[in-house]
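Residue numbers (this note's numbering), protein chains in the order written: chain A, 1 to 78; chain B, 1 to 620.
Note that these hints are calculated values from the structure, not bench results.
Among the clues, some could well be false.
Said to hold, decoys possible - Only pairs whose alpha carbons sit at most 27 Å apart, straight line, appear in this in silico DSSO-like list of lysine-lysine:
#1 B:K494 <-> B:K154
#2 B:K494 <-> A:K21
#3 B:K261 <-> B:K154
#4 B:K259 <-> B:K156
#5 A:K16 <-> B:K154
#6 B:K565 <-> B:K256
Letter by letter, the chains look like this.
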Amino acid sequence: MSIFRQLQDVIATTLKVRPEKITETTINEDLAAWDSLGHVNLMMALEQTFDVFLDVEDFPLLISVPAIIQYLQDHDIN
Amino acid sequence: MAKTNPSFEDLLASETRAELRAVMAVSRIPLSLPEAQKLVSHLEALEPPAHRLRLGIVHSYTSQLMDPWLSLAAAIQGLELQTYHAPYGVTVQEAKENSGLLTFAPDITLLLLQREDLHPDLAKPLARLGTGEQDELRAEVLGRLAGLIGQFRKHKVGQIVLSLLPAIHAPGLGIFDVQSDRSESAWWSRLKVDIGRLLGDSGQASLILDTDEVVQEIGRANFFDRRLWYSARFPFTPVAAREIARRIVALGVLIKLPKAKVIVLDADNTLWGGIIGEDGMAGIALGPDYPGNAFVDFQRRLLDYQQRGFILALCSKNNAGDLDQVLKEHPHQLLHDEHFAARRVNWQSKADNLISLAEELNLGLDSFLFVDDSDHECAAVRQRLPQVEVIQTPSRAIDIPRCLEHVARLEVLSLTAEDLVKTEMYAQERRRRELKDHVEKDGADIDEYLASLKMKMQVSFDNSTHLARLAQLTQKTNQFNLTTRRYNEHQMQKFIAASDWLVADFSLVDIFGHSGVAGLAIVHFTDTQQAELDTFLLSCRVIGREAERAFLHFLLGQLSARDVKAVVADYLPTAKNELVKSFLPEQGFAACPDGRYRWNLGDTPPQPETAFPITVTLDV
């Protein structure tokens with residue numbers, strides 16, 4: 001599965017939205033469920049799913065699908 | 001035997017909630033947040049939840065992030081969870097009329113508080129205070145907490161559960177702390193004991209959820225997520241959140257689901273490793289070395305459950321003689337004949353044996369837990385007796401001692417004197433039955449048997465020292481219960497204190513022993529000359545010895561002496577109280593056109609004490 005597909009699944013499950021709502025360009029403001037609490041849940045879900053440790057400083061940067069994909073690629077996660 | 005390391009896919013393949021619950025209780029499979037959410041969807045699709053749990057959360061740190069873990073724990077237990085999170089940081093305001101919490105009408109009100117919420121001085125180092133000052137502070141904290149709980153208690157907030165966030169840091173004086181007379185950790189331990197006593201004593205239906213115990217279980221480093229704490233005021237790692245949620249929901253299970261009362265145990269590969277009929281006394285694994293030590297430890301844990309008030313029974317496909325020999329002679333066997341209230345050692349099906357155990361113990365099958373290592377036996381019991389909770393013994397010996405730890409229905413909300421000696425009481429009952437069989441064999445009749453028991457009934461009125469037991473009786477009694485009204489300690493205390501209510505209970509002594517408090521009647525004086533029987537119930541272990549009749553007629557006599565002219569009573573049928581369907585008319589109550597029952601004491605006096613083989617005394 002591509003990183004995007006995996007990410008789409010994680011976001012859809014964590015934020016309880018339909019997968020097709022999430023595209024390669026989705027940002028937090030596109031989804032009502034991606035609010036500040038949803039964001040914390042999403043950070044936890046990313047860590048557990050991709051086995052990565054996110055710094056608290058990275059939390060506010062990872063607010064869109066492209067930003068997250070870029071981060072995962074920069075850290076050699078696929 | 002239960003698979004030791006099921007995968008997430010195995011969990012998703014489970015076909016019933018009961019099966020999945022049993023697997024989750026035994027294996028401690030780690031779950032990521034998305035996996036937890038997928039599991040919730042899977043569980044919801046399997047079968048609709050059986051009960052609804054309304055959880056109100058009053059908090060001084062972020063609590064909404066607990067939700068996915070609370071949903072998971074609830075879905076596993078078959079509870080439909082509805083959650084209300086009070087506005088952030090607001091506490092006592094939620095205990096006011098028309099607050100969000102009161103409008104929500106929770107079954108459980110959970111107070112998620114930080115330590116310094118209890119007193120502003122707790123934000124400063126404790127070691128600055130000498131012992132006297134520390135004691136004063138503790139008394140002050142306790143007083144404030146009692147005040148806070150009291151504010152909530154004025155309203156219908158259900159069971160109050162208090163939890164204090166443990167310290168994120170090591171204690172103030174570091175490694176030396178525990179040795180100092182200014183020790184911070186010792187101060188908090190003492191406070192916790194005091195809080196426990198405060199909440200327990202007051203009969204306030206309040207509990208402390210000991211989060212320190214969760215820290216012990218998973219470790220401080222795994223408990224706190226400092227990133228989330230400092231950035232989002234949410235303290236927990238997913239592991240901690242999941243474990244705390246599991247414990248909160250377990251309390252809900254105890255409130256909402258049928259009470260578990262009996263643990264029925266298989267013997268081979270459950271109480272010991274191996275098969276006694278094949279391996280013999282010397283061959284089974286039970287003793288100081290691995291894997292026998294794990295089985296010894298499991299038996300030791302079973303004794304803990306007995307102390308909680310669960311009774312143990314044995315159900316094994318074996319030759320009775322082989323099993324007897326282990327119970328009597330094996331040097332490392334901890335459970336002996338006297339620890340089992342009943343046993344079935346034969347070659348019949350386990351389901352048939354469970355049915356006959358339920359009859360012997362006079363308890364419903366939905367109060368049974370069945371523990372067995374065999375795939376086949378577990379599946380067969382699940383299929384034939386879905387009301388029995390089945391736990392499959394894990395295949396790895398090291399997992400066996402803790403295999404019942406996550407079974408929510410084996411938790412308790414209170415502990416009474418009766419709980420501590422329950423198995424002994426069932427053993428007495430077994431001896432009574434033996435005497436009865438003996439008397440009947442001699443051709444004597446039931447009256448002679450009852451007379452030979454030399455029963456004495458001690459009745460007491462409005463006895464608040466029995467509070468916990470009285471509430472427990474309303475919660476647990478299903479069969480001999482005219483109205484099946486459930487009350488908590490707080491409600492019971494109100495009946496005891498109110499002048500227009502009378503709470504009567506009794507205990508029964510005979511040549512075999514003491515029953516403990518085993519019967520309860522709650523009477524409401526609706527006007528000066530009329531009373532209503534709100535509750536009338538007997539614990540199943542005293543049924544069939546005329547105690548029910550002696551108690552009723554004694555009570556009616558007492559009411560008559562108080563100038564009550566008429567008593568109105570109800571039989572409210574449930575799935576389980578068929579036993580008392582005709583009790584009221586049989587005793588002399590007249591059925592009324594409105595479906596209620598009535599006794600005009602002015603016209604017909606109750607039967608005198610001499611009509612029963614029991615000497616009754618009133619404890620005043």
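Hint check results:
For the hint pairing B:K494 with B:K154, the CA-to-CA distance comes to about 12 Å; that is within 27 Å, so the pair holds. Distance restraint check for B:K494 and A:K21: the Cα-Cα separation of roughly 55 Å exceeds the 27 Å cut-off, and the hinted pair is therefore not satisfied. For the hint linking B:K261 to B:K154, the alpha-carbon distance of about 32 Å lies beyond 27 Å, and the restraint is violated. Restraint check for B:K259 and B:K156: satisfied, since their Cα atoms lie roughly 23 Å apart, inside the 27 Å limit.
Between A:K16 and B:K154 the CA atoms are separated by roughly 38 Å; this puts the pair beyond 27 Å, and the hint is violated. Taking the CA atoms of B:K565 and B:K256, the gap is about 38 Å. The hint is violated against a cut of 27 Å.
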